[in-house]
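The listed protein sequences correspond, in order, to chains Z and Y.
Quick note: the first sequence uses the working numbering, first residue 861, plus one each step.
Quick note: the second sequence uses the working numbering, first residue 861, plus one each step.
If you are wondering where the hints come from, they were derived from the structure by calculation, not from laboratory data.
Model, not experiment: these values are computed from the prediction.
One or more of the hints may lead you astray.
Pairs involving identical chains hold if they fit within one copy or between any two copies, as the list cannot separate such chains.
Claimed, not checked - Subject to a maximum C-alpha distance of 35 Å in a straight line, what follows is the list of computed DSBU-like cross-link-like pairs (lysine-lysine):
id	residue 1	residue 2
1	Lys1109	Lys1195
2	Lys972	Lys1165
3	Lys1195	Lys1133
4	Lys972	Lys1109
5	Lys1133	Lys1165
6	Lys1109	Lys885
7	Lys972	Lys1195
8	Lys1165	Lys1195
9	Lys887	Lys972
10	Lys887	Lys1103
11	Lys885	Lys1195
12	Lys1109	Lys1165
Residues per chain are reported as follows:
Protein chains: 2
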Amino acid sequence: MDTGSASQSVGVVTPQRARFTEPVKLKCGAVMDEYELVYETYGRLNEDRSNAVLVCHALNAAHHVAGHYAGEPENTGWWDNMIGPGKPVDTSRFFVVGVNNLGGCHGSTGPKSLNPATGRPWGADFPVVTVEDWVATQARLADHLGISEFAAIMGGSLGAMQALQWTVSHPRRVRHSLVIACAPNLSAQNIAFNEVARQAIITDPDFHGGHYYEHNTRPTRGLRVARMVGHITYLSDDEMAAKFGRQLKNGALNYNFDTEFQIESYLRHQGNKFAEYFDANTYLRITKALDYFDPALEHGGNLAKALSRARANFLVVSFTTDWRFSPERSREIVKALLHNRLNVTYAEIDAPHGHDAFLLEDARYHRLVAAYFDRIGSELNA
Amino acid sequence: MDTGSASQSVGVVTPQRARFTEPVKLKCGAVMDEYELVYETYGRLNEDRSNAVLVCHALNAAHHVAGHYAGEPENTGWWDNMIGPGKPVDTSRFFVVGVNNLGGCHGSTGPKSLNPATGRPWGADFPVVTVEDWVATQARLADHLGISEFAAIMGGSLGAMQALQWTVSHPRRVRHSLVIACAPNLSAQNIAFNEVARQAIITDPDFHGGHYYEHNTRPTRGLRVARMVGHITYLSDDEMAAKFGRQLKNGALNYNFDTEFQIESYLRHQGNKFAEYFDANTYLRITKALDYFDPALEHGGNLAKALSRARANFLVVSFTTDWRFSPERSREIVKALLHNRLNVTYAEIDAPHGHDAFLLEDARYHRLVAAYFDRIGSELNA
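With the rest of the complex left out, here is chain Z (with noise of 0.2 Å):
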């Protein structure tokens, strides 16, 4: 499957800007005033207004899902493998919507952008916000774009969560949730990755509490950390090895603190390239995010009845080397949604790349895709 030529692009993109003044009230008890959200679409909502896809993003992603930026043509949308004329999410059918979440650094209001009350950035102020918030304010673009019902929500993820939450929230409002690897809830493994990352970035001098903008400065010691420890746990073991093993940087060894491995030197280049872009005090919010994700929490632990008001139509994807959300948490989402009778295709793609597997170009999983949107497709047209 050859996506990458440019014809299959969806081409030259330009995010747009979306003002909300209606407040938002939070799960953290805070309320936004206002908020603005940036997105990006792609393809042509059609007449009946029936076509429309919500792309959600994981952690360290956002609106800029496919294309690219006029005179940057090397900067690609995250998933525009996956996206765009002819791609298994083809926007010559489908009317693709994608969203920098609420609290994001990439233009949506965030701990970046100034908090009205202060005239000052957020900071550390800027509240806690949960899958249940983005999925809220994701509602109200919707709104602000005249969707009142989506084809499909898709993420994989921290956006396959959006994508699950979506048809509890809004039952009416998505026709298909595609959740690729994802969980019902963070594990205390996984909440424990996630703490260590907070804490590096919260014990960095430069963070200042969370007000770092304003002492110039940016904990980018403790956020390479971070991703270097977040980036650990989206490869699998096997990947690595066959990645590196114990390839040397140099040939040789050298018997000092200088990069003697070659994985060695592929995560510190990762680490530092994310410090170089992302907000730290978004970084932690995601995480949090991450953390406080758990339908079943306010039903007694019970996900089946959780995700009871859910009426779409699913597709769960999980990877096989995915140790992060492995497919036995896929397994639990989807013993829910079968015990609620709801329609549920689910897929167990065997694929070496671990969770990092939901953003690559694996032949069977974008198959799988492709023919669960063909499906959505034809529904339109019937």
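Dock chain Y against the given chain Z, drawing on the hints supplied.
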């Protein structure tokens, strides 16, 4: 199995100190002109000096293996459940030696010690030490104690690497090697976790390039994060789920950056405790020793060839839920030993505790070690 009663403790122990003035050339090329090793012994060396057992320590332990210090009944050795009168390694039959390795921070010469060349602490100038170097210096301690051959050398994790290395470095000086929760080398993922820990320490502003002693400070933030990430890898996912799951710290969600979940509280506590007493320069070097250990490297990756000099009998033990050094990795060692037609007993213990299982009192595990030492003891009597 009740091994906790006072009658089965070796009781009050006192560390001893040996000074070595014959220079030792380390694998990194550096030469230590002189150094000291702190050690403890339990039981009595028999007349023909045939009942000595060397216990090698792993990452955060040292020479205090069993018993307790006078007036400090809580300060018990790290393997006190394994070693003592009537315990699996029965000190009424065996003479057990524990030693703090070169580069350590518990009394042996290490980065905290004064560098005779400068009169100031070694700090960053203390050389990188390897498993081979530790074995070489442990052998000198054996000379000092008049032990030409050990009945057994044992360890878990990094300690097991030393027990394995002994059989190659000094094949005639070790009759039995107990290689517990070990791997023939670190995987890319193992190295990656070590590198995260190192970067957390090295980028802590209080690290001062490793010369923090002179600044009257310590990189406790980095050490804390390093320990937290390490700790996650010592426990199994299932054990964490069983022990902590998604239990809340205060009964309800607070939606802030205090500890919400018990696992966060536990990890922070582990990190704080460790950062209080452990030396960062030692931690860096111990993770490096782990990274470098790879006996097959000089034999074209052929582990069987690397171990062909070994003459010892082996007990190799792995734990089913150990994802740091999985049973698969132990089987690589077993296979290489069997290829050399050595006597190998191998057991995979079905234990829920992950890598840490080697330190814990699991009945099947302890019975196995006890039975193995009975066999060693019967050879003594023969």
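Now the hints, each set against the structure:
1. Lys1109 with Lys1195: between (46 Å within a copy, 29 Å between copies)
2. Lys972 with Lys1165: Neither, since 38 Å and 58 Å both go past 35 Å.
3. Lys1195 with Lys1133: For lysine 1195 and lysine 1133, the Cα distance exceeds 35 Å both inside one copy (39 Å) and across copies (42 Å).
4. Lys972 with Lys1109: For lysine 972 and lysine 1109, only the inter-copy Cα distance (30 Å) is at most 35 Å; the intra-copy one is 37 Å.
5. Lys1133 with Lys1165: Close neither inside one copy (42 Å) nor across copies (42 Å); limit 35 Å.
6. Lys1109 with Lys885: between (51 Å within a copy, 25 Å between copies)
7. Lys972 with Lys1195: neither (40 Å within a copy, 56 Å between copies)
8. Lys1165 with Lys1195: within (11 Å within a copy, 50 Å between copies)
9. Lys887 with Lys972: within (21 Å within a copy, 50 Å between copies)
10. Lys887 with Lys1103: between (42 Å within a copy, 28 Å between copies)
11. Lys885 with Lys1195: within (32 Å within a copy, 62 Å between copies)
12. Lys1109 with Lys1165: between (52 Å within a copy, 25 Å between copies)
When held up to the earlier numbered hints, the structure conflicts with 2, 3, 5 and 7 and fits the remainder.
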